[in-house]
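S.K.: These protein sequences, in sequence, are chains E and U.
Residue numbering for the first sequence follows my numbering, beginning at 787 and increasing consecutively.
Residue numbering for the second sequence follows my numbering, beginning at 49 and increasing consecutively.
Some hints could be false.
Residues from chain U shown here face chain E by an in silico Cβ test under 7 angstroms; the list is partial [stated by the list, open to error]:
(1) A187
(2) I190
(3) I198
(4) S254
(5) R356
(6) G358
(7) F363
Covered stretches of chain E (chain U as the covering partner; in silico rule of three or more C-beta atoms under 8 angstroms from a C-beta of chain U) [as the list claims (entries may be wrong)]:
(8) 880–894
(9) 928–934
Derived by calculation from the structure, the hints in this document are not laboratory data.
Virtual Cβ for every residue (Gly too), placed ideally from N, Cα, C.
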Amino acid sequence: MSRISTALSAPFAPVRAYFRKHRSFGIFVGVALLSIALPLLTRVPPFDGIQSTNAWVNAFTTAAIYAMLAMGLNVVIGFAGLLDLGYAAFFALGGYTYAFVASPFTGVHLPFWPMLLAGGVVGAIFGVLLGAPTLRLRGDYLAIVTLGFGEIVPITLMNADKFTDGVNGIGGIDKPSIPGILQFTLTNPWPMYGLVIALFALIMIMIYRLQDSRIGRTWDAIREDELAAESSGVNVVIAKLQAFAVGASIAGIVGVVNAAKITIVTPDQFRFAVSISVLAAVVLGGMGNTIGVATGAFVIYLFQSILLKQLNTLVENFNIPVLNQIDFLDFQYVLYGIVLVLMMLKRPQGIFPARRRMREFAPLKIGKRGLK
Amino acid sequence: MATASVTSSTAGRLLGTARLPLSIFAFLALGLGVLGIDQFVNAMTLGAIYALVALGYTMVYGIIELINFAHGDVFMVGSFVAMFISSSLLGNEGSITNVPLLGVSVLVLFALTIGVMALLGALIERLAYRPLRRAPKLAPLITAIGVSFILQNLIQFFFGPTIVTVPQLVPIEWSIQVSGSRVPLLNLFVIASSVILMVALQLFISRTRTGRAMRTTSMDRDASSLMGVNINRTIMITFLIGSGLAGAAGVVHGLYYGNTNYSLGFQSGLKAFTAAVLGGIGNTAGAALGGFLIAFVEVGASAFGYGRWGGAVVFSLLVIFLVFRPTGLLGSHTGDRA
């Protein structure tokens, strides 16, 4: 088996060697190829029967947005080992930032592109504001503080109705445009798809470069043994703050894109369930492995938004009265729960584990010569 | 779980022992003064429910250092179990005016619900947490989130996403007059039953053999194992008691509000956890105190017209407390908590 695969991959050896050396370019090419292949795939049965290509492209866009969130949360959880249960709050802050400066609600209409950066800056600022006092706390306390923050933000957005129009949210948000060349519209999903894919590739490249940098190695050290890292001269609080800020700014940027895509933000879009689905994606994909996490999130989104609905129609065809009454979408979160528990019990490293994590979660084996 | 801190001077020791009664007294006087009798009784009632739930959090954290995320949902399931037992098994529809019958019904309701919930709690511990006892910290926490999701959505599936009515066995009309205000007996009943349970718990932990095993296990698991304490059994008993108390809180919640819904667990669980942190996590007396404190903050907020902000105020309080005094009001038995 291995000989066959070596023989098959032999002609590609120079290609692989090239991409190992130029990983950022490799990611760029890989994402580009996938982004072309996916829409083509929707033209083929059985996928073409489910929905139109435009609807598929729209779904891919949302799935990629979700995958970007998962990559961002992975920096916080997978790299630095900090459990953030209120990640949706930063997503919300990004979305509302854009909504404030580009909607009829405030009457201000700033262009989209600089606001993309502003969303990241706002996310990072709030990340540092929340992190600075709380990152000294132990891991599980941090989880609760972030959870509390994740609750406070939607509650505030809902109750401060003078500024946010409460439950209704802010609608009619401006679509991005490239002046004189391209105006994004709700009916044509392709420009948004291109934008999101480009951003996806950028974020992935950025995260990989960060992981290999001094900061990334610091995060590894803290996660594995905080005390040892601190004794070796790592400023633990600063490093954790950096992880928090990077994660939060990614959520902020993605929040801006998401607001521009669906043109409305409401407090309900940023409930705890959002934080949990992103967390589930990170855990399932394999904490610490950027590509695994992104793939996990992408697949989970498509599964729950398209396949579960298909399951409903499929079951209706069988005409079994008991099964017909079950709405599989209702079971979505039960499934999440069961999958989270089972994964932690049976395969805590995730479906695509990071190499380092595999060792971390592997039980100690005591052999004849002591600890291995 | 000792309240006294390491103070050497006599004055310090005196202050240490008197801290709990003093703070309770100061806090009750302040609450009564600011809120007036009606709101005071409301806050005490709400606080009794929070305190019962907070006890489960604090006990489990004290013994295995796990934030049992699913505990709020165990409380929610408890309220549904109570509803089911009360209306389907006992066939109650509304209030019972016959006093002996009322007493028996309420007692049976408490006993059955506490029993069922204790078993559920032990089952969750056995299936979801015990296999992960030596795993990295993050693993059981994520499992707990998973359990919370399962409980919430199973209840939603069986009982629907809407509010479900629960028979209010104690008639709401019964009341006594306290300095010109009408105080419903129902509130007093809620407060009394939870105080009884809390005192029973304190006695159990401080006087019995099992209680002592629980205390030693929370201090040093390996050492108490060497002394012959059955660790697995002790941890399971902790879960039995914690979940049983959550079941009692579920009964009380149903009797008091007359309704329940599947999403009850998340918010009230978070508030109860805040209460546990406020009082000093791992400290049972502290959890009870924290529960009342949270209720006073919340009722106070709505009394002054900021009801919608109640949740935000409570969570801000949690963040502030964790940052400036992570050991809580009464402190816990170890210093390296934060």
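S.K.: Could you run down the list of hints and mark each one as holding or not?
M.R.: Each hint tested on the structure:
1. A187: Given a least distance of 5 angstroms, the restraint on U:A187 holds.
2. I190: 5 angstroms, holds
3. I198: 4 angstroms, holds
4. S254: U:S254 check fails; min Cβ-Cβ to chain E is 27 angstroms, beyond 7 angstroms.
5. R356: Holds, about 5 angstroms.
6. G358: Given a least distance of 9 angstroms, the restraint on U:G358 is violated.
7. F363: With a minimum Cβ separation of about 4 angstroms from chain E (threshold 7 angstroms), the hint on U:F363 holds.
8. 880–894: With 0 residues in contact (Cβ-Cβ under 8 angstroms with chain U), the coverage given for the segment 880–894 of chain E is violated.
9. 928–934: Result for this restraint: holds, n = 5.
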